[in-house]
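Chemist: Chains as they are written, first to last, in numbering that gives the first Met the number 0: chain Y, 0 to 353; chain S, 0 to 393; chain U, 0 to 347.
In case anyone wonders, no lab produced these hints; they're calculated from the structure.
One or more of the hints may lead you astray.
The calculated EDC-like cross-link candidates involving lysine to aspartate or glutamate, where the alpha carbons are at most 20 Å apart (straight line), are [said to hold, decoys possible]:
| no. | chain 1 | residue 1 | chain 2 | residue 2 |
| --- | --- | --- | --- | --- |
| 1 | S | Lys-105 | U | Asp-326 |
| 2 | Y | Lys-262 | Y | Asp-297 |
| 3 | U | Lys-71 | S | Asp-81 |
| 4 | S | Lys-302 | Y | Glu-54 |
| 5 | S | Lys-96 | U | Asp-326 |
| 6 | U | Lys-100 | S | Asp-81 |
| 7 | S | Lys-105 | U | Asp-114 |
| 8 | U | Lys-71 | S | Asp-82 |
| 9 | U | Lys-100 | S | Asp-82 |
| 10 | U | Lys-203 | S | Asp-174 |
| 11 | S | Lys-302 | Y | Glu-69 |
| 12 | U | Lys-157 | S | Asp-237 |
| 13 | U | Lys-203 | S | Asp-237 |
| 14 | Y | Lys-70 | Y | Asp-22 |
| 15 | U | Lys-73 | S | Asp-81 |
All values derive from a computational prediction rather than experimental measurement.
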Amino acid sequence: MSDPYILFQNVSKSFGPLTVIKDLDLAIDKGEFVSLLGPSGSGKTTILMMLAGFENPTSGAVIVGGQHVEKLPPHKRNMGVVFQSYALFPHMTVAENVAFPLNMRGVAKPDSAARVQRALDMVQLGAYKERKPSQLSGGQQQRVALARALVFEPAVVLMDEPLGALDKQLREQMQLDIRDLHKRLGLTIVFVTHDQSEALTMSDRIAVFNHGKIEQIGKPSDIYDHPKTRFVAEFIGETNLVEGTITKVGKDRTTITLKQGGKLVVDTRPGLEAGAAATISIRPERIHFDRTAERENDFPGTVLDRVYHGDHIRVVLETRDQRFIVKTDRRMAVLDEGDKASASFTANACWVVG
Amino acid sequence: MRGGTPLRRHLAAALMLMPLVVFLGLFFVWPIITMLSEAVSDPVVVKTLPATTEAARAWDRQTPGAGALGQALVDDIRATTDDQAMGDVVRRLNSAKSGFRTLMMKTLSAARGSTGPLDLTTVDERWKDNGYWEAIAAAAQSRYTDRNLLAALDYARNPQGSIEALPPAASNNADIFKRTFVISGLVTLMCIALGYPFAMLAASVTGWKRQLLLGAVLLPLWTSLLVRTAAWFILLQDRGMINSTLLGLGIISEPLPLLFNRLGVVIAMTHVLLPFMVLPIFSVLIGIPGNLMPAAQSLGASKLRAFWHVLLPLSLRGVASGALLVFMSAIGYYITPALIGGPRDQMISSIIAFYATGTANWGMAGALGIILLAATLALYAVYHRLTSDRALRV
Amino acid sequence: MKLTKSLIFASALAALTLGSMAAQARDLTVVSWGGNYQDAQREIYFKPFSEKLGKPVLDESWDGGVGTLQAKVKAGAPNWDAVQVETEELALGCADGIYEKIDWAKLGGKEKFIDSAVSDCGVGAIVWSTAIAFDGDKLKEGPQSWADFWDVKKFPGKRGLRKGPKYNLEFALQADGVPAADVYKVLATPEGVDRAFKKLDELKPNIVWWEAGAQPLQLISSGEVAMSSAYNGRISGINRTEKKNFKVVWPGSIYAVDSWVILKGAENAAAAMDFIAFASQADNQSKLPAKIAYGLPNKEAAAMVPAEFQAELPTTPANMTGSIALDGNFWIDNSEALTQRFNAWLGQ
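This is chain Y alone, in the form it adopts within the complex (with noise of 0.2 Å):
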């Protein structure tokens, strides 16, 4: 395995007496795609703008491709940046804008206007070169921001919230076409967004942040199955949070006894030790009303609350020990509120986050 492309070490950054980058270590290698992902205020796009260079780090080293880039201005820096807003130039056109790096990199005319059509061709928008980017739609816009960050080959492109200003509809379209982009160009991206279903479909690696720490990095269903903490688990996904304590340390079950009594069995992991509090998350689409033997814990209750979603249902459950969020299949919608009914779920399905 090469060195890291990207890499963060040890690196701190403070606004004033304001901390929000604390000892901060990150490894991004070429052709990656990472999402910075986490609450507003956690730091994601502060190590964005560290890395584009509009930031400085206070302590700590930021190396791109092995060379320190810490005092570097942005201009030298040879990365392409999306923002939110798009930012697109008001007062060129589409093809100006495309070209805005190429001229500014003394790429020669015929050169330059193969490489902006090229680029606009790639976004599908090769026809609208002559418009003004008050001219195109919120999405188009997108797209041409996307041509102009890509059109000089940049060594990595970093976007910031790309898509957060488009409709829920554009912006999945969107999600597809730059995963599609990245796949085909092999581009390293770097992709700041707080919506953590973005993040799951789009990127090769997750890091979470909260306070200006990374709290788990790794594959989208790593961080999804397998949360390292109580914040990740409830920052990805809809879950159920479920605290005991561990009273028997089986070979492949553990036990966990809840607070009123009922019994959780899961998977045995190491690192459970008996008489230690647990949280233990389930996601609600593993639990079933439908009983088999397989399942290892079945907790009986009443249904509080049934919300129809089209492709699910989507079901609060009370029982003695723990309000239970499930989504069910719409073979469940005979279920109605104050119907008993029967939570049930695989010891394989509980994850203990701590």
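Let chain Y serve as the given structure and place chains S and U on it in line with the hints.
Modeler: Frame of chain Y; chains S and U shown alone:
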């Protein structure tokens, strides 16, 4: 009945617009029309001296005027009771030929103090000079005249009726017009040079710092123009603060001539007009999205090139409207040049004021005003062409 | 419809307010030259007359220009009644018919006044002079004549002159050797005018032009100019109030009469006439020189002036020698043409 019938709604809308329409008509359209008509209309002689007018139109201009027109003039004077109308005639004739005032004063009392035929050459020798009669004949030609407009541009009709240029010693309005535009242009350039960086600074800071900077620009607007000009007079004079400081520091050994010259005028006018440049630029600058400069830099532009290619073109609209405001205000200035400038820095407004209040020659004042208006409109057309350029249409 | 109603109401209200403003009767309004001269007039004329009348007397100041008065009269119902004007404005306005005729009977007859103070349309109010002034503390050996004024070798420094052809052409001719008595005779010829302008050319680089009467004092005080033409009343005034030692050179000075006139169609024309009569009474007028050094057109009043003030007045026989009276007729005929030429000359 919500909102009333369309007719009623139209009526309400029209009523709301009425004050604006009345205002525009009263304070904008009407004065311009009056000025125009004052400049070209010349009815006083035709109206007040009907018999003389008739006689003058038949006169061959070779025979002595006193014989051909004299009695008609006496009759007209005796028939007129309106002193003010006669006053207008006298003023009109005197501005064509000096001497008419005293000549007519004598003639009026002689004509009114007698009856029957009166030989005017016995009243005053000057009536033997056909020059006076020619002036009357010229004024009797028509109710309209181009003499004011011609004079405003340093031209006049000779006795034969053809247009010829006046010698520069007699009239140099063209020079003064040129100077007015040059000074205004200089002031506009100075305002851009000082105002643009200032507006950028004010737009880049926030909170009390911005309030302070904008306050510093606006504060002079709350002081009267005269006071500000007088303040500059005190600062700029030979023993004023600037010169005594420089002398005291040993930087200069002779006081710098800052007063009674072009430099002083430009300095003082720039100070007075700076707010009109700063405010439009400022308001355009704060409207430019904050992420365009970072975007340009991330795309490979240094700060300077990002400014040149992005911020400057986007803020040109503010510069253009600021320049227009400053220039248009500057061409109307006359207190500042009068107090701080030398004789060669006087602007056209002081000439207009001289005709309007000094000699009550409204025709000439109106003609100069029209030339100024026309020149300004022409400049505005050029400005409009330049600013509707693609680069400014966002 | 509420909107329309309130609009109608608002316009009605506005019309009412305007109407009531116009309908209110205006008090007698007297207009003079402002500054310490008008302060003095307020003390000795305006206030006592107001008490006598039992009504307020408003006073305003103006900067001259017959066009201003013309505009007021032509607009109808002028808002000024009695106005103090210069020689030229008197003659011009009188010829143009914008003044009421003076009722000399109310004033006790024309023979009570000096000749240049008497006309159909106006009564002389003061006699004042334009003369060379300099700071006696700075120049021990001061200039004696206009020739000295022109001599920048003998008396280095700049010169202040009032912007405009009036006075300056007369001064230039005297500097060029024309005797005081012949100045207007020479100036009446085109050659004379050329000669005056040529003489002004010599001094042009050294001239600082002033426009308001207070300016020459400031210019002399600050040392901006070594000497200047100035109004004699202002010089005595600054000597009294600021303990200056400014000198007036009487030979070659030009004196002129300012007159009271009544604007044609003025609402308070009768009261204005009474006011002028009041201000022309010998015992009232004789109080003026104690406050400001202007000569008096009422012969009796002039005789009543205390000796200590006599030396400062243009009308004192010693000061009259070698001075000339401003020729109003020359200037009303030629002012426009010569001002145009002067402006052109100035801008060259």
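Chemist: With reference to the structure, classify each hint as holding or not holding.
Modeler: Checked hints:
| no. | hint | verdict |
| --- | --- | --- |
| 1 | S:Lys-105 - U:Asp-326 | holds, 16 Å |
| 2 | Y:Lys-262 - Y:Asp-297 | holds, 9 Å |
| 3 | U:Lys-71 - S:Asp-81 | holds, 17 Å |
| 4 | S:Lys-302 - Y:Glu-54 | holds, 15 Å |
| 5 | S:Lys-96 - U:Asp-326 | holds, 19 Å |
| 6 | U:Lys-100 - S:Asp-81 | holds, 14 Å |
| 7 | S:Lys-105 - U:Asp-114 | holds, 18 Å |
| 8 | U:Lys-71 - S:Asp-82 | holds, 16 Å |
| 9 | U:Lys-100 - S:Asp-82 | holds, 12 Å |
| 10 | U:Lys-203 - S:Asp-174 | holds, 19 Å |
| 11 | S:Lys-302 - Y:Glu-69 | holds, 18 Å |
| 12 | U:Lys-157 - S:Asp-237 | holds, 12 Å |
| 13 | U:Lys-203 - S:Asp-237 | holds, 19 Å |
| 14 | Y:Lys-70 - Y:Asp-22 | holds, 19 Å |
| 15 | U:Lys-73 - S:Asp-81 | holds, 13 Å |
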